[in-house]
Amino acid sequence: MTRLNAEYARAIDDDRLEEWPDFFAESCLYTVTSADNYRRRLPVGVIYADSKGMLKDRVAALREANVFERQSYRHMVGLPALLGERDGLLRVETPFLVVRIMRDGTMAIFDTGRYVDGLVEEGGALRFRERVVVCDSSRIDTLLAIPL
Amino acid sequence: MTRLNAEYARAIDDDRLEEWPDFFAESCLYTVTSADNYRRRLPVGVIYADSKGMLKDRVAALREANVFERQSYRHMVGLPALLGERDGLLRVETPFLVVRIMRDGTMAIFDTGRYVDGLVEEGGALRFRERVVVCDSSRIDTLLAIPL
Amino acid sequence: MTRLNAEYARAIDDDRLEEWPDFFAESCLYTVTSADNYRRRLPVGVIYADSKGMLKDRVAALREANVFERQSYRHMVGLPALLGERDGLLRVETPFLVVRIMRDGTMAIFDTGRYVDGLVEEGGALRFRERVVVCDSSRIDTLLAIPL
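Chains as they are written, first to last, in our numbering: chain A, 145 to 292; chain C, 145 to 292; chain L, 145 to 292.
Since the hints were derived computationally from the structure, they do not count as laboratory data. Predicted model, so just to flag it, every value in this text is computed and none were measured. The beta-carbon is built from N, C-alpha and C at its ideal position, and this holds for glycine as well. There's no promise every hint is true.
[What the hints assert, rightly or not] Per the computed footprint, the stretches of chain A lying under chain L, defined by three or more beta-carbons under 8 Å from a beta-carbon of chain L, are:
id, stretch
1, 146-160
2, 219-225
3, 255-264
Could you build the full structure based on these sequences and the hints that come with them?
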């Protein structure tokens, strides 16, 4: 679990986005929402992908849009809280903080929040069946340059 | 220890403040001080509670004062350093960083510092006998909206 | 590994810089570079020390230059990714975030990046044979007040 989180963050921060979908199970859900929307069970407004294919499409779109690398990110992933397990699905919540580093060297907190995850073992490794990224701020950058 | 820290941070960030006193032993000490005061062994100036009842009172006061939720927090808790054990008391120091998220979405570092903890086992679980929150900055918000 | 990182960060943040060289093996390399330079395999431009003696000299120089303590730092060290082991050398990458706290209480992100480490066991403890500090930002403070 810790290893999965470490490798997930590292793949993104190293700009190896093409590897990002592989952290997910074949049948999966990835969404980005705000804490407010999550609490009120409102539909997610920012990002929604419910198949590995959609994750791959998203990476392809990002690559096309961002011909020139303009910024980078640094994920700090916190201590996981194990919430339970049922039918092989492990429920975990993990806080995160992402810093954005602009090309001129300026650094700022890009986002904080928590990953609300459902993990399964698939092909001998732990994978995300579900990763709901719940951002603390309601002002999520809708152009989200990278996966969170 | 890691689990205790993860659950402690999560309870606060999830705004389940009523659960916060339960992370402490029956007989306990919770203080918030600055690194300067801590180094000079000056009396703590910000927050001092030496019973579970005082922790509960503090939460009650916070609830009364903050009728409307105005901001949220995100605790990032670092790697613990185990300093020693004596008579069942475990001495641990753990760095932390807290980000404040305002209602308009603005995020800023609220505080950094270290927890200087004394842990005991009570009722089958690890609890804080002592949690001294040593803030790096001397400019601690005296209105401290939440526990650190 | 986690313990070494915790103690390394703690020694620096506690201003026990004299202990810093002891986290390294007798024969060692410590450099600070930017992600851009690292990727292009350009020579490091910021800090380079290839012996424990150079690390000690650096601390001595810092002590002379900084007679008065003006600021402090807080290292948050993330989850390590184990990259491999060969001939007793353990390759690990670990993200970090450093916050600088000025004397007036202002806090700001000082740096983020990753440690690219080669670890060996020496004298019964894990030590850094190599620690390459790869900063995300290219605008590294060349007056770097402290080790990263």
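Structure-based check of each hint:
1. Using a Cβ-Cβ cut-off of 8 Å, 8 residues of the stretch 146-160 of chain A lie near chain L, which meets the minimum of three, so the contact claim holds.
2. With a threshold of 8 Å between beta carbons, the proposed coverage of the stretch 219-225 of chain A by chain L holds, since 3 of its residues qualify and at least three are required.
3. By the rule of at least three residues with a Cβ nearer than 8 Å to a Cβ of chain L, the coverage given for the stretch 255-264 of chain A is violated, with 0 such residues.
Consistency note: the structure conflicts with earlier hint 3 alone.
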